[in-house]
Every structure is written in C-alpha cells, then in structure tokens.
Amino acid sequence: MKRALITLCAVAAVASLQSCKMKTADSVVSGDAASRVYVAPGKYDEFYNFVSGGFSGNVTVYGLPSGRLIKTIPVFSVFPENGYGYSEETKAMLNTTNGKVDWDDQHHLELSQTNGKQDGRWLFANANNTPRVARIDLTNFRTQEILQIPNSAGNHSSPFTTENTEYVVAGTRFSVPLGDADVPISSFKKNFKSTASFISVDKNSGHMKIAFQIVLPGMNLDLSHAGKGPSHDWFFFSCYNTEQAYTMLEVNASQKDKDFIVAVNWKKAEEYAKSGKGHIVPASYAHNTFDENTQKASTVMEKDVLTLDPKDCPDMIYMIPCPKSPHGADVDPTGEYIVGSGKLAALIPVFSFDKIQTAIKNKSFEGDFYGIPVIKYEAALHGEVKKPGLGPLHTEFDGKGNAYTSMFLSSEVVKWRLSDLQVLDRAPTYYSVGHIMIPGGDTREPSGKYLVAYDKITKDRYLPTGPELCQSAQLYDITGDKMQLLLDFPTTGEPHYGQGLPASMIKDKQVKYFDINKNHNEFVSMGEKKTKVVRTGNRVDVYMTAIRSHLTPDNIEGVFVGDEVYFHVTNLEQDWDIPHGFAIKNSPSVDLLIMPGETQSIKFSPVKQGIYPFYCTDFCSALHQEMSGYLRVSPKGANVPLKFGSGVIAPETAAK
Amino acid sequence: MKKLTKSGKISIIAVIVLLVSLWLFPMWQIDLRAPQYPGGLSMKIWINDVKGDVDIINGLNHYIGMSTIHKRDFPEFVFLPTTLLIFMMLGMVVLFLNKKVGYYLWAGAFTFIAIFSFYDFYKWEYNYGHNLDPAAPIKVPGMSYQPPLFGYKKLLNFEVLSQPDIAGWCYICAGVILVAATIYEWKKSVTP
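In order, the protein sequence lines correspond to chains A and B. Position one of the first sequence corresponds to residue 95 (the numbering used here), numbered consecutively onward. Position one of the second sequence corresponds to residue 808 (the numbering used here), numbered consecutively onward.
Take these hints with a grain of salt, some might be off.
To be verified - Heads up, simulated SDA-like pairs for lysine to any residue below, C-alpha to C-alpha not over 25 angstroms straight-line: (1) A/K730 - A/Y706; (2) A/K455 - A/A473; (3) A/K137 - B/A841; (4) A/K624 - B/L867; (5) B/K809 - B/L904; (6) B/K946 - B/K961; (7) A/K623 - B/A943; (8) A/K624 - B/P845; (9) A/K352 - A/E337; (10) A/K165 - B/Q843; (11) A/K612 - B/K878; (12) A/K601 - B/A841; (13) A/K606 - B/T875; (14) A/K623 - B/F965; (15) A/K623 - B/G872; (16) B/K930 - B/V908; (17) A/K137 - B/Y844; (18) B/K851 - A/I610; (19) A/K606 - B/P845; (20) A/K405 - A/D462; (21) B/K816 - B/Y991; (22) A/K623 - B/D880; (23) A/K137 - B/F832; (24) A/K137 - B/P845; (25) A/K606 - B/A841; (26) A/K603 - B/P845; (27) B/K961 - A/S715; (28) A/K603 - B/Q843; (29) A/K606 - B/V857; (30) B/K878 - A/N611; (31) B/K960 - A/S715; (32) A/K603 - B/Y844; (33) A/K494 - A/D448; (34) A/K603 - A/D139; (35) B/K851 - B/C980; (36) A/K165 - A/W197; (37) A/K612 - B/V857; (38) A/K137 - B/E966; (39) B/K858 - A/D609.
To be clear, the hints were calculated from the coordinates, so they are not data collected in a lab.
In isolation and in its complexed conformation, chain B is listed as follows (with noise of 0.2 angstroms):
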C-alpha cells in the first residue's frame, strides 16, 4: 500500500482547516432586492441555522401562501453539522493511516455529501417555492417561487442573488484541494 505525499497529508489540514470555517462563517446567502427595500433583505445559511431577515421574509411570504422559515423544521440543521464533524474525524485517520487509499475514499465521502447536500438545497427550495397554500391571498397563475439554487432570478417584484458565503466559498475550495490532490496522488502512484 502506497504513503500519502507530503503534499498530500498538507491537504488533509487544509480541508479540515478550512471546514472548520463553516463554525464561523455563513455558508450561503440568499438576498432579495425590491423597490420598498432599497437596503435588500438578506437570508444567510448557516451550518445549524438561518438568520438575517428572516421574518421579514416570512412576513412577505403570506401573501403567496409559502409557509413560514423557522430554524427548527430543518433536520439538516443537526445531521450536516454531525456528517462534517465526522468527516473532519475521518480526515485525521486517514492522516493517521498515512495510505493513498484512505484519501481516495476520503475525498470520495466529500463528493457524496456535496451533492447530497446540494440535491437537498435544491428540494428544499423547490418544496418552499412549489408547496403553496391554497387560500393564500395572491395567486399569479403559473408562477412558483423557487429561489435559484445558485445565481440571479427575478421573482415577481423581488429580484433575487443566491451565493455562497464566507463558508460556502471555503468549502468549495476544500472540494477543489480534494480533487487537485487526489489526481496530484494518482499521478505520482502511476509515475514512480
């Protein structure tokens, strides 16, 4: 079984490192813009919460009959911090075992739960966009009110910029470090 580079086991610190991030920091905002808000309206994603205007937000969301965003309906809130937390643990192992192996799966484990995570961002917005009260006092036919998962959207007189924060940035980067070292490992097993 072939060692980890030393480039490699530098890898695995910075993807914990930059993971403990999202601790701190904001991991995505989802920020909303209207004539009667010249100061935008702001909802930032947190690891195991939301804040910034949300009940602003929920406010403006009876009219469209989209249910209310409260911190305790999020399962993701506990399991996502649990899963990184994991993750962060098995990192050490694997700096531990010091095997190429042990990367791969290591990194394989990162993608898994980055698209996961992104598919359940995606449903959870579509559910809120999609699943609209019935009675709800304004009903424009035809329109639902997903927010885009990642750019700009205009939604009625909202226009809205969904990114990544502070977190969501250094989590990209620890995907991007995974991929760079695992192909950076690949390469020097394959070419002595």
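Next comes chain A alone, as it looks inside the complex (with noise of 0.2 angstroms):
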C-alpha cells in the first residue's frame, strides 16, 4: 500500500512538472486567422508593404495581408537578376565620390506625402554605409535618382520627409570631422561634428537637391520624423551619445540618464538659409540621375553645400531632453505628440508640441549643450507611460488615438493611449523587434488595420537553413481592442522599417512597358532592319533587337581577342510583362533584363578565341530555347572580316 503511494505520487510529480512546463511560441495564433491572410488565386492583396532590405542594400515589397513577395527592388546594391549596377545604363547609380560603391546598408524607407497623407508617387530610401538617399518612382518600382550626403557618416535618421514631401532628411549617426579632415580621433569634442541634411524635393519632377545643412555638435542623430498639422513647420531628431564618447560607445555612451530630442524649426531654417545666413562649404559629393528618355543615368559630382550654424541662427534649434539614448521620435497623426523612446529606458516619454511652445516663449531652459537651449524636462513633457516594456524603440499610430510601441528587449508590441498614457493590451512578437508599420501610420491618415512589426531573430520560425536564417515579419490585426498575430513571413536582409500603403493608390498607375517611339537612347535599334555591327577601332558596337522568338542579328564573325565589344539590345516587344534577357557565354559581369520598349548595353571583353553562344534568359515564349545566337571571337589580328546577321550574312557591311 505504501509502495503504492509512492508511486502515484511520483505520477503526480511527473503530471505536475509537465502541467508547468514553460510557455513556448506554439499555438499562439488564434481563431481563424489562416482566412483573414488568405487572399485566393486572382485576387490581389489589399497593400503594398515596401520593406527595407537591410544589408543586401535593396528594397523588397511584399502584399498585405498574404505576406506574398513581389518584388525585389535594387536601389544600392548591384542586382544580377536585372542587371541593375552592370548595365552601362545603371552604372552611374552608384557613383560616389569614391568611385562606384556596389553595396549599401539600405535601413529607412518614406512614401511621399502632400498634405500630411500618402500621395503614392515616390519611395525614398536611405543608405547608411556611404550616406545616400535614393528615390524610387511609383509607377514603374524602379530607383530614379541618387544623391550622395557630404559630412556625414551613417546616414541612419533618414530619409524621413515633411508633409507636403518640401524636404527628406538625412541626419548622421557616426560624427565625423566636416570635409576629408586628418584629426586625432581624441579630439572628437573639439573637430567633430553631426549634420542634418535638409534634401529639397522638387514638386513635379521629384529631383533633389541638399537645400542646406544644419551643422551640429557631435553626436549620434538616430531616427527622426516630420512634424504634422500644428507642428508642420518642425522637425524632431532624436540622438544618443551626447556624452560625446569615441571609443567603448557601449558603456560611455550609456552614462548620462537623458539624451535629447533635437527640435529643428526647418520654416526658420528655411529662411535663414535664403536670408544668407549660412556658408557655402566645399563638398565633394555625387548626384546621380536616371533619364527616362535616354534610359541612361548620369553622374553630376556637386561643388559645395550650404551650411547652417545653429549659433548664426536663434529660434531655429531646441534641445527636448529625452531619457535615455532615444531611437525613434515619432509624431502622431495630430502632430501634438511626440513620443520619445529611450532604448535604455524603463518608460516612454510623451512630449506635447503645445508645451514645447510655451516652454519656448517662457524660456523654460534648463541650460544649454554647444549654445543650443535645452527645455526643461518637465515643461515639454505631456506625461510618460509607466512600465510599458524593456527597450522601446519605435511607435506608430492608428488613428484612433492610440500608439503601439515595439519593446526590443521584451519582445513584444504595446498598445496604449495617448490621451491618457495607459497601457491597453500587448502582443509577443517572435523576436526582438525593431520597428513596426501600420499603412500610413506615420502620417496623418493611419489606415488602422494591420501593424507589422519586423523582427531581428527568427529561431523555431521556419525550417532551419544551417546558421544563417532568414529574417521575419509578422503580421497584426489591429481593428480590435487586443491585437491578434495573422501571420509570420519571411523577408530578405536585415528589413529595419517599412512604409505600406492602399494597392489601390497606384496599382492602376504601373507602366505596362515603354513606347519604343520614346526609346531616345543613343543604341536603340528601331527595327530589325536597323540592327548592325560597327566597329571603332579595337571598339564593337553590336546593334541588336530581341522579339518573340530570335536576336538580330544572330550570327557575328570579325571580332578579335582584346575588342571591347558592346552589346546594345533593344526589345522590340509592346506587351506587357515580355522582357528578353541577354547573356552571352563566360561574360565576366551579368546578364540583362530588358523590359518591352528599352534598350539596354552590357560589356564584354573576350579574353580567349572561340565560339561564344549568346541568348535570352527570360523564358519569353514557346521558342524561348531557339532564341539564342552565335559570337565568333578570332585571335587578335587574324584575317576574319566583320559580318553579320541572321539568316542571311552580310560580309562587312558596317565595318569602318
């Protein structure tokens, strides 16, 4: 009996312990979240969702709610799946000061704005690494311009814009000395400076210039939005590293228990900066463009940039202390509050733009940092969320006054109100989230439906992949009182933030293809009959077209070991979704992808003689595997006369 005992005591133990077992991420999902995700063959998703892509230095955009991806835009990075970067016609993308930098470390994206809301025109993108600020078109998802930013380093509170898209910004996270200076890293407090770039966005023509520069003390400017409404003529930076520390940044730049929000009235600056208050510097930096006309980008290197001292110029600049080594400052949609999250912090503080005025006109300072007021604390302070989450980084807004913060260290999304600062529900994201998005949250139109909070780790996710896995999104409803998880997909790079908006804003606006009658690049071949092969010097320049289902011309004889042969393709197609690829064998570089109406130009230079095979490389057609020709490369100063064509081969005609 008593060995009997015992034993159904240790059941019981057993029962118990496994009763207790620790919570997992399983079965987290609720109801039938798989039908609010499923958008059924035929059917589109109802937002397009742009998403940084990190490291891999492009853009990739995914449909909401299926989390399906659409498309992968290149903006930094070389891309051979389109032969962005390799093309003669690209190239010029990448152009900097330090000749062409091939990679970047894509973190921000802004959809532009008129009037505070989504006008779905452009997609500005940022480039930490080499500081550039990209803007893409809407209407045909490709990169259009690139502009270099001089006297800075991480580019990383960028390229947020005003409400009427007056300006992007792109401020600096790493302070760096103006110019190329030579200076000893330890006079940092002395040489080094942080800037915030005020990028002029030309209404029609989206073209960018950098208007002028604000020059700050140095310190790391992390993330910033636009004010809206009342606050419209604002700009609101948050920064870490106001210790001014260079080495050892993990504990010397935790020390102080404020940093700040760095208010910039961008109206004033604005003036100051026609009224000739600032400095024209020299600044060496490029400004690259892609001409829709010639299908060609070029390369403007820039001379110098205005500057703007804030010491020049009174009212234009305030310091918010904000606890404690702040990441987002992000507004909400009335343009009254502005949220603080310390990183470090064990709350969120909640500024109110009204206080900050009055602040301003009673001179509520607590001091100065470098000449620039610092307003009391508590006299910006609208109120602060107590006990919201460990590590808040950014929040955005639904519209319905309310805000959601992601908590890095928790791993988790909190709901609160902004009226009266309680915290109203919280979801556990899987894991360590960075920044969230809610379509237009960041505007003052928030759609309110979904939140999509993009996460840095992603074990027990998906089927592992060896050490290296993907990253992760997941996908929030938000129409409730307590959000629901829908859904997780994966995302390509390391996605920091992203922008969403209606797919009905500009589905109905995408180029089909282009009018080859517009085709005003200097290689286009206006038909087959136009197609020849002209030889420069040691220079071949192969006019060819590519239609369902055959290269013209297809057949090439006459070139020789060390030419530098030029493939000019024209597709001849005008239907939509028909591009023809060209790749031809051992090309050292990439293919092309060529949409219907373009012309593209890659280089090939032949190291060794023989037989090259040449071909589409997009499964256009029935005979996409016909569509394919031959370049014969002969030794350098053989007896082999230029000839082409396809069918029939005419002997030299072109040859010069």
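Got two chains here, separate frames each, mind docking them using the hints?
Right, here's the structure in full:
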C-alpha cells in the first residue's frame, strides 16, 4: 500500500512538472487567422508593403495581408537578376566620390506625402554606410535618383519627409569631421560634428537637392520624423551619445540619464538659408539621376553645400531631454504628441508640441548644449507611459488615439492610449522586434487595420537553414481592442523599417511597357532592319534587337581577342510582361533583363578565341530555347572580315 | 408611279444617320482570351481600319504561320467606305425623287452590299486561317485558324468571340429598317 502511494505520488509529480512546463511560441494564433490572410488565386492583396532591405541594399515589396514577396527593387546594391549596376545604362546610379560603390546598408523608407497624407508618387530610401538617399518612382518601381550626402557618416535618421515632401532629411549617426580632415580621434569634442541635411524635392519632377545642412555638435543622430498639422514647421531628431564618447560606446555613451530630442524649426532654417545666414562650403558628393528619355543614368559631381550654424540662427533649434539613449522620435497623427523611445529606458516619454511652444516662449530652459537651448524636461512633457515593457524602440499610430510601441528587449508590441498614457494591450513578437509599421501609421491618416512587426531573430519560426536564418515579419490585426497575430512571413536582408499603402493608390498607375517610339537611347535599334555591327578601332558596337523568339543579328564574326564589345539590345516587344534577357558565354559581369521598348547595353571583352553562344535568359515564349545566336572571336590580327546577320550573313557592310 | 409614305421618307433619313456611325465607331470586334492574357486581346474592325491589339495578335500568329495583319493589305478599307458613301448619297436622291420604285432599288442595293461584305469578310477570315506558312514552328495536324464569322469558337489555347460592335449594330438596324420599310411601302401600294 505504501509502495503504491509512493508510485502514485511520483506519477503526480511528473504530471505536475509537465503541466508547469514553460510557455512556448506554439498555438499563439487564435481563431480563424488563416482565412484572414488568405488571398485567393486571382485576387490581389489589399496593401503594398515596402520593406527596407538592410544589408542587402535593396527594397523588397510584399503584399498584405498575404505576406507574399512580389518585388525586389535594387537601389544601393548591384542586382544580377536584372543587370542593375552592371548595365552601361545603370552603372552610374552607384557612383560616389569613392568611385562606384556596389553595396549599401538600407535602413529606412518613406513614402512621399501631400498634406500629410500618402500621395503614391515616390518612395525614398536611405543608405546608411556610404551616406546616400534614393528616390524610387512608384509607377515603374525603379530607382530614379541617388544623392550622396557629404559631411555625414551613418546616414541613419533618414529619409523622413515633411508633410508636403518639401524636404527629405538625412542625419548623421557617426559624427565625423567636416570634409576629409585628418585629425586625431581623441579630438572628437573639438573637431567632430553631426549634420542634419535637408534635401529639397521638386514638386513635379521629384528631383532632389541638398538645400541646407545644419551643423550640430558631435553626437549620434538616430531617428527622426517631421511634425504634422500644428507642428508642421518642425522636425524632430532623436540622438544619443551626448556624452561624446568615441571609444567603447557601449559603456561610455550610456552614462547620461537623458539624451535629447533635437527639435528643428525647418521653416526658420529655410528662411536663414535664403537670407544668407549660411555658409557655402566646399563639399564633394555625387548626384546620380536616371533619364527616362535616354534611358541612361548620369552623374553630376556637386562642389559645395550650404551649411547653417545654430549659433548664427537663433530660435532654429531646441533640445528636449529624453531618457535614455532614445531611438524613435515619432509624431502622432494630430501633430501634437512627440513620442521619444529611450531604448535603455523603462518608460516612454511623450512630449506635447503645445507645451514645447509655451516653454520656448517662457524660456523654461535648463541650460544649453553647445549654445543650443535645452528645454526643461517637465516643461515639454505631456506624460510618461509607465512600465510599458523593456527597450521601447519605435512607435506608430492607428488614427484612433492609440499608439503602438515596439519593445526590443521584451520582444513585444505594446498598445497604449495617447490621451491618458494607459497601456491597453501587449502582444509578443518572435523575436526582438525592431521597427513596426501600420500603413499610413506615420501620416495624418493611418489605415488602422494591420500592424507589421519586423523582427531580428527567427529561431523556431521556419524550417531551419543552417547557421544563417532569414529575417521575419509578423502581421497583426489591430482593428479590435486586442492585437491578434495573423501571420509570420520571411523577409530578406535585415528589414529595419517599412511603409505601406493601399494597393488601390498605385495599382492602376503601373507602367506596363515603355513606348518604343519614345526610346531615345543613343544605341537603340528601331526595328530589325536597323540592326548593325560597327567597329571603331578595337571597340565593337553590336546594335541588336530582341523579339519573340529571335535575336537580330544572331551570327557575328570578325571580332578579335582584346576587343571591347558592347551589346546594345533593344526589346522590340510592346506588350506587358514580355521582357527578354541577354547573356553571353563567360560574360564576366552579368546578364541583362530588358523591358519591352527598352534598350540596354553590356560590355564584353573576350580574353580567348572561340565561339561564344548568346541567348535570352527570360523564358519568353514557346520558342525561348531557340532564341540564341553565336559570336565568333578570332585571334588578334586574324584575317576574318566583320560579318553579321540573321538568316543572311552580310559581309563587312558596316565595317568602318 | 407611286410616291413614298411619310414613314418611308423618315426611314431614309434614319438609315443614313445610322450609317454615319460607321465613321464614328468600330463595326466589328473579335475578342480573344487565353490564360496568359487575363485582360483579353481585342481586335476592332472599322470601316477603314483595323485597330486594337493587332500588333500583339500579329506577334502570336507567327508561331502558327499565319500572315500578319496590316491596314495596307486591305483594299476593302478604300472601297467599302466609298460604296457606302455612294449608297448614302443615292438615299438622298431617292428621297428627292420620292418614288417607291427608287426605294425598292435602294433597299436592294443595300442587301447586295451587305451580303457581299459578309462574304468578303468570310473569305478574308478563311484566307488568314488557312494560308499558313509551311515553315511555321508550330503545326497542329488538321488545324486551321479561321476565326468565327459570328459567335464563339475555341482555337488552340484561345477562346475567340466575334460579334458586331456599335457601328455594326447600327448597320444591322439600318438593314432591318430598310426591309421593314420596303414591306410597309409594298403593302401600302397594294392595299389602297
């Protein structure tokens, strides 16, 4: 009997151990989540979600709510898939003052706005490593312009825009000396500066120009957002390392209880810039644009930049103390509340634009930082969200008076109310969420339907793939009182931030093909009869056309080892979704992917004699496999005349 | 010689007005649909032109060796408008002469033009569908590609629908009016 009792107790103990096993990520999805993210075949998603590509250097586009990847837009990195950065037409897009830089770290995205609302025209993207800002056209999903930012390193608080896209900003994360000064690192306080660049955007063409650059004390500008409505004239940047450490920042830049939110009155700055308070200083930076007419990118090297020193410009900048190492500086849809997120703080400070204005009027300052007035914390504060979670990073809004803040350390999204700062709900993320995104969540009109969390770590979310795992995004329904996790979907690169807009805003504006009659590429072949091969010294230009299902010419002879052969391929198709590819054997760079009505060129320098097949790389039709030809490469000095053609090989017709 | 009734005269104006639509709207449409063309392809035949997705259709036709469609290859685009202009002018003459006989002849001419143009259209479709390039990459034994004169037909992976467009319906209307008015005029003359 006693023995039986012991056995029973043991069984009970094991059972109870089982029951208090720690919680896992299993079964967190409740209800009929699948049907809410299911987009049936033949149906479209409701939203476009543009996601920053992090260290992949490009931008990816997903459909929401399905989470399906629908496009990769190459921006700051060469992209073998379509020849971006390899073709003669697009190489110049990646030019910088350090030569062609083929990679970058793409952090944040911002859609253009009119009256504080999305207007579906452009998407701006920043490059963190070689500071650059790009503009992508939303009618063709292509990078149209890239502007390098001088006097900056770590272009992190970028590319956020003002309400009418008057300006896109670019703020320095790593302070550096202006120009290329060679100074001791230990002279940080004296020589290192951070800059906030205001890039003006032409209302019609979208063309970007650095209008002015505000030179700030050396510190790390982190994120930013523009004011809205009443705070329209202002821009808010968060910063850390006001300790001005230059080594072991982990410890040395985490000493102060409070860093700052830098409030910039950009309207005032604009006036100062126009009234000659600035200094034009030498600066060299590349400005690359893609011309739709000639279908070619070109680079202009800019020579100077207008800088504004806060000392010369009173009332332009104020500092607002913000605990502790703030990341996000996010403005709610009414423009009244500015949410700071101290990533090392245990609370979320919310500032009031009204109170900031009153504090400035009453000079409620607690001192200055390198001459810039520091507003008293309490005087600017609307209130603090108490115990929201650990590691608040970034806040978006639903337009219904609620804010959602990502918590990096405690891996969750916390919903709270702006008016009384009460926490309303919290939902776990898997894992370590960075930015979050609600379509329109940083504008005056958030959609308030979905929230996407971009997570840093994905252990246990997908089938394992060796040591390197993909990144993950998670979709939440935020229409009810409680957030509901609906979907995990994998993402590439390390997505930092995203933007989303209703598909209906841009879906019907998409360019389907380029009008070949408007093709002013200097190497276009307007029809097969215009194809030719032209030799000029050791340069050979092949003017080629592609149409289902042949290339013209498809036989070329009389090319020699050491020649520089340029293939200029014009896609004669005038129908949607009929690109042709072009690749040649042993091409050291990449292939081309030529859209209907477009011409693209690739350089090929054969190093060995032989026969080089070339072919279409995009399965274009039933006769795609037959869409090929041959280039004969003869030894240097061989007696082989230039011949080319399709069907009939013309001898030497175009030899010069 | 008997004179036209008032209704007869009005019918002449109505027919001419309806025929004017031929210069304003397409008269025939051939719609094609296939999985790879979810939006469909459409060819619009006008009295003096062929428009719509002709280039795309031409591009597809080369697989099966059909000859490509070009406006310049159609003498019809010259003689059909000329014939119909003359026909419309004759209508004015009939109206002016105000004789039933003239009306009968005029209606007869229309019937002839209508039958002839349908026959011509059929012949055109037959030629395009049957005269295939012997070197065509795709050959399906026993297959020809003549589109339907009127109605629906499945041609390989394409569904083809051939039907009148706005001006075509106006043209048919004109025919109906002519026939009806002829019968009406005839009855009026035999039953005084």
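Against the structure, the hints come out as follows:
| no. | hint | result |
| --- | --- | --- |
| 1 | A/K730 - A/Y706 | holds, 16 angstroms |
| 2 | A/K455 - A/A473 | holds, 11 angstroms |
| 3 | A/K137 - B/A841 | holds, 18 angstroms |
| 4 | A/K624 - B/L867 | holds, 23 angstroms |
| 5 | B/K809 - B/L904 | holds, 11 angstroms |
| 6 | B/K946 - B/K961 | holds, 17 angstroms |
| 7 | A/K623 - B/A943 | holds, 22 angstroms |
| 8 | A/K624 - B/P845 | violated, 34 angstroms |
| 9 | A/K352 - A/E337 | holds, 10 angstroms |
| 10 | A/K165 - B/Q843 | holds, 20 angstroms |
| 11 | A/K612 - B/K878 | holds, 23 angstroms |
| 12 | A/K601 - B/A841 | holds, 22 angstroms |
| 13 | A/K606 - B/T875 | holds, 24 angstroms |
| 14 | A/K623 - B/F965 | violated, 31 angstroms |
| 15 | A/K623 - B/G872 | holds, 21 angstroms |
| 16 | B/K930 - B/V908 | violated, 33 angstroms |
| 17 | A/K137 - B/Y844 | holds, 16 angstroms |
| 18 | B/K851 - A/I610 | holds, 23 angstroms |
| 19 | A/K606 - B/P845 | holds, 14 angstroms |
| 20 | A/K405 - A/D462 | holds, 12 angstroms |
| 21 | B/K816 - B/Y991 | holds, 12 angstroms |
| 22 | A/K623 - B/D880 | holds, 21 angstroms |
| 23 | A/K137 - B/F832 | violated, 34 angstroms |
| 24 | A/K137 - B/P845 | holds, 12 angstroms |
| 25 | A/K606 - B/A841 | holds, 19 angstroms |
| 26 | A/K603 - B/P845 | holds, 18 angstroms |
| 27 | B/K961 - A/S715 | holds, 21 angstroms |
| 28 | A/K603 - B/Q843 | holds, 21 angstroms |
| 29 | A/K606 - B/V857 | holds, 23 angstroms |
| 30 | B/K878 - A/N611 | holds, 19 angstroms |
| 31 | B/K960 - A/S715 | holds, 24 angstroms |
| 32 | A/K603 - B/Y844 | holds, 19 angstroms |
| 33 | A/K494 - A/D448 | holds, 20 angstroms |
| 34 | A/K603 - A/D139 | holds, 16 angstroms |
| 35 | B/K851 - B/C980 | holds, 19 angstroms |
| 36 | A/K165 - A/W197 | holds, 19 angstroms |
| 37 | A/K612 - B/V857 | holds, 23 angstroms |
| 38 | A/K137 - B/E966 | holds, 22 angstroms |
| 39 | B/K858 - A/D609 | holds, 17 angstroms |
Figure legend: structure checked against the earlier numbered hints; hints not met, in rising order: 8, 14, 16, 23.
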